[in-house]
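Engineer: Here is what each chain is made of, one letter per residue.
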Amino acid sequence: MAKNLLIKNGRVIDPVNSIDKKCDVLIVDGKIAEVGKIESKADMVIDAVGKLVLPGLIDIHVHFREPGDEEEETIASGSAAAVAGGFTSVVCMPNTDPPIDDATSVEYIHRMGRQTRKTHVYVMGTITKGRTGEQLSEMGFMAQAGAVGFTDDGSGVQNVATMQRAMKYASMFKNIVLSQHCQDNSLAGSGVMNAGFNSTTLGLPGIDPLAEEMMIWRDIQLVRKTNMRYHVQHVSTAKSIELIRHAKKDCLPVTCEVAPHHLLLTDDHCRDYDTNYKVNPPLRTAKDIEALKQAIREGVVDALASDHAPHLKSEKELEFLAAPFGIASLECALSLYIKALIEPKIIDWPQLASIMSEKPAKIISVDKGTLGKGKQADVTIIDPDFEYTVDVERFHSKSKNCPYNGWKLKGKVEYTIVGGEIRYSAQGI
Amino acid sequence: MSKNEFIWNRKHLIGLRELSREEIEFILDTAKGFENISTRSIKKAPTLRGKVVVNLFFEDSTRTRNSFTLAANRLSADVIEFTEKVSSTRKGETLLDTAKNLEAMGIDIVVIRHSAGGAPKFLSRNINACVVNAGDGYCEHPTQALLDTYTIRKIKGSLEGLKIAIVGDIAHSRVARSDIYAMTKLGAKVILVGPPTLMPSQVSQLPVQVSYSLDAVIGEVDVINMLRIQFERMGANPFPSIKEYSHYFGLTVERMAKAKKDILVMHPGPINRGVEIESEVADGPNSVILEQVTNGLAVRMAVLFLVNQAAMAKE
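Here the protein sequences line up with chains A and B, keeping their order. Taking our numbering, I'd label the letters of the first sequence as residues 1 to 429. Taking our numbering, I'd label the letters of the second sequence as residues 430 to 744.
Hints were generated in silico from the structure; no laboratory data involved. Treat the hints with care, since some could be wrong.
Stated by the list, open to error - Computed cross-link-like contacts, BS3-like style, restricted to lysine-lysine with a CA-CA straight-line distance of at most 30 Å:
id: 1; chain 1: A; residue 1: Lys293; chain 2: A; residue 2: Lys41
id: 2; chain 1: B; residue 1: Lys614; chain 2: A; residue 2: Lys400
id: 3; chain 1: B; residue 1: Lys618; chain 2: A; residue 2: Lys316
id: 4; chain 1: A; residue 1: Lys239; chain 2: A; residue 2: Lys313
id: 5; chain 1: A; residue 1: Lys313; chain 2: B; residue 2: Lys514
id: 6; chain 1: B; residue 1: Lys529; chain 2: A; residue 2: Lys316
id: 7; chain 1: A; residue 1: Lys313; chain 2: B; residue 2: Lys529
id: 8; chain 1: A; residue 1: Lys21; chain 2: A; residue 2: Lys239
id: 9; chain 1: B; residue 1: Lys614; chain 2: B; residue 2: Lys585
Said to hold, decoys possible - Okay, the calculated bits of chain B under chain A, using three or more residues with CB under 8 Å as the criterion:
id: 10; segment: 539-546
id: 11; segment: 629-639
Claimed, not checked - From chain A, some residues computed to sit far from chain B (all C-beta separations above 12 Å):
id: 12; residue: Asp29
id: 13; residue: Arg117
id: 14; residue: Asp208
id: 15; residue: Asp272
id: 16; residue: Gly299
id: 17; residue: Glu317
id: 18; residue: Ile346
id: 19; residue: Lys368
id: 20; residue: Lys373
id: 21; residue: His396
Where a beta carbon is used, it is the ideal one built from N, C-alpha and C, also for glycine.
My request is simple: use the sequences and hints to build the entire structure.
Structural biologist: Shown next as structure tokens:
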């Protein structure tokens with residue numbers, strides 16, 4: 001490993017320090033030493049002319065399926081996909097088999113992540129033991145072991161009293177967030193797609209948008225009461241984001257994330273029963289997409305998160321009703337955000353860097369998301385205009401359940417630098 | 430386009446939503462030609478001789494299945510009966526594996542019934558044989574709607590301008606969906622009748638009227654199609670009791686008194702006597718329920734004939 005790494009002449013963007021200018025970044029001993037015009041020599045120099053130099057991207061919502069479903073993804077394969085997608089940190093969801101509901105499991109995820117030496121691997125623990133929605137799990141011990149938050153993702157905590165207890169209890173721990181997959185099961189029923197005209201003509205059971213909105217509304221009332229820091233995962237409807245906008249106006253400690261598929265795809269895509277479009281929360285309507293984009297423009301959305309959910313081809317090659325939910329998109333997520341947000345000028349690059357790095361870091365309370373002097377050198381260098389065609393066969397992920405296969409997208413990851421080490425390079429390492 | 434010029438070129442019959450009026454009429458006209466086979470002394474035509482039809486049924490069925498079997502037999506095809514419980518996601522043979530296995534035996538036409546909407550479409554994308562939908566989830570049941578419209582057309586001459594009520598569990602009914610597509614394409618006005626809890630999401634986007642009152646509708650319709658209350662799909666308790674349902678939506682002798690004298694009473698079967706329809710009405714002079722069954726045979730012969738012809742033309 002080069003002790004000194006100099007990134008020359010890129011467009012350096014660091015929203016935390018209000019930097020957006022053509023300059024250099026010097027990395028020494030794994031830390032950011034200097035940002036500016038740098039003349040000094042270095043062991044290695046990266047020519048970044050025409051490239052963007054961003055604080056390392058952070059995806060706070062991925063499923064790496066380990067332990068339990070290693071045929072779909074492992075921490076090693078998922079981490080390789082992450083750095084190929086420009087992500088220097090990821091947060092694994094705990095809905096594995098068994099679920100991550102104790103300190104030992106948290107430590108296991110961390111260990112596998114360290115051994116892989118690709119991206120930083122963080123993890124959330126479950127809110128309830130066994131992810132059953134009943135007994136609280138040992139959130140204190142898991143937090144001590146390094147869990148960055150808690151969620152029963154895959155489903156929401158259904159019982160109001162249990163969720164209230166979780167919020168009250170967790171509020172005594174510092175730097176912890178409770179994160180919720182908002183969906184009221186009594187309303188969602190056995191639904192497999194958005195409830196609407198498309199579900200009616202396809203003859204498939206629908207998931208009413210209200211199922212998501214009800215739980216968000218409910219949880220916001222609990223936040224009002226407990227003041228626990230609370231994060232809404234993969235917001236998918238216009239009314240959901242409206243509820244969150246209001247909660248923020250009331251200065252409640254509420255944050256939220258949006259997934260790329262909820263910015264680019266609608267339930268019209270389900271018309272051919274292609275199970276690669278089966279995802280939970282389901283693809284909604286053009287109206288919802290517009291509302292989410294508007295919220296991103298206004299700064300209501302704190303993070304973009306892929307909800308990378310790998311599944312085997314054999315699992316997805318089933319009737320729409322029987323196939324599992326999920327889209328694997330970690331490796332092309334950045335390009336998807338460019339298509340959804342930069343190309344139509346919803347936001348600019350500093351704003352994108354903010355919701356892909358600065359703000360996600362804050363949600364999980366890690367000292368990242370900036371190129372500030374002395375910070376750990378997590379840096380993503382991209383060529384924003386490079387156009388390519390998505391080819392799932394070239395994915396590092398073990399799974400190919402990606403509806404964007406064949407799409408022409410912009411934005412190529414040139415280098416992913418983690419703790420000062422080049423962990424991914426488009427030319428190969 | 431005149432009917433003579435029309436060329437049927439679909440090797441699958443997945444649903445009626447995707448069919449044009451001309452295509453639907455072409456099937457009905459073709460069925461007319463097959464009707465008299467059943468009245469001959471030798472009830473067989475050589476049309477599908479040497480062809481293999483498989484009845485791939487993942488859901489219980491008596492009349493549809495037997496009707497397809499008989500239709501295939503009358504056209505001299507060999508028929509394989511294949512009954513399966515729906516396989517689970519991870520263990521057991523998947524739908525795709527089952528179909529590929531059957532295809533390896535050299536079948537020509539798959540008639541599939543499945544509890545998952547879209548299963549026939551999924552199959553048609555993945556195998557070379559013709560696929561005929563015999564009912565998928567609550568998506569479509571095209572041959573039922575074809576025999577319904579065939580029956581109406583035969584008696585009334587045409588569907589143009591007719592008012593047709595479809596009554597009952599619209600939300601979970603594949604028959605209702607296929608009927609809506611076929612009947613509206615053929616020029617009828619369709620009124621859906623049932624409690625709001627049994628109406629599908631955004632039903633108003635369909636080219637139909639919706640009414641929650643059978644009493645308000647019964648006097649003005651030319652045809653009434655009483656859907657079966659499917660107790661197996663009633664887990665969510667969409668109405669308080671059968672008694673209350675029958676009170677509001679049952680076709681009783683009393684209600685029939687308010688109907689047009691020449692109203693056609695239809696039911697896709699099997700009927701729940703005393704639930705959605707009273708016995709006196711089901712067996713009464715306006716009922717065409719058994720004619721529907723008879724006509725189903727001709728319609729299914731036409732469908733098997735047409736998809737096979739299209740497949741041969743493509744080879």
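Engineer: Given the hint that B:Lys614 pairs with B:Lys585, does the C-alpha gap stay at or below 30 Å?
Structural biologist: Status holds; Cα separation ~16 Å.
Engineer: Does A:Lys373 sit more than 12 Å from chain B, CB to CB?
Structural biologist: 52 Å, holds
Engineer: Against chain B, does A:Asp272 keep a CB gap of more than 12 Å to every residue?
Structural biologist: 7 Å, violated
Engineer: Would the pair A:Lys313 and B:Lys514 pass a check requiring their Cα atoms to be no farther apart than 30 Å?
Structural biologist: OK: A:Lys313 and B:Lys514 at ~23 Å, within 30 Å.
Engineer: Count the residues of the segment 629-639 of chain B whose Cβ falls closer than 8 Å to any Cβ of chain A, and tell me whether that reaches three.
Structural biologist: It holds: at least three residues are needed, and the segment 629-639 of chain B offers 6 whose Cβ sits within less than 8 Å of chain A.
Engineer: Take a quick look at whether B:Lys614 and A:Lys400 sit within 30 Å of each other, Cα to Cα.
Structural biologist: 41 Å, violated
Engineer: Looking at A:Lys368 again, its CB stays over 12 Å from all of chain B?
Structural biologist: 38 Å, holds
Engineer: For A:Glu317, is the shortest beta carbon distance to chain B beyond 12 Å?
Structural biologist: 6 Å, violated
Engineer: Would the pair A:Lys293 and A:Lys41 pass a check requiring their Cα atoms to be no farther apart than 30 Å?
Structural biologist: 44 Å, violated
Engineer: When I compare C-beta atoms, does the segment 539-546 of chain B have three or more residues closer than 8 Å to chain A?
Structural biologist: Holds: 4 residues of the segment 539-546 of chain B have a Cβ under 8 Å from chain A.
Engineer: Would the pair A:Lys21 and A:Lys239 pass a check requiring their Cα atoms to be no farther apart than 30 Å?
Structural biologist: 38 Å, violated
Engineer: Within a Cα-Cα threshold of 30 Å, do A:Lys313 and B:Lys529 meet the stated pairing?
Structural biologist: 16 Å, holds
When the structure is compared with the earlier hints, violations turn up for hints 1, 2, 3, 4, 8, 14, 15, 17 and for no others.
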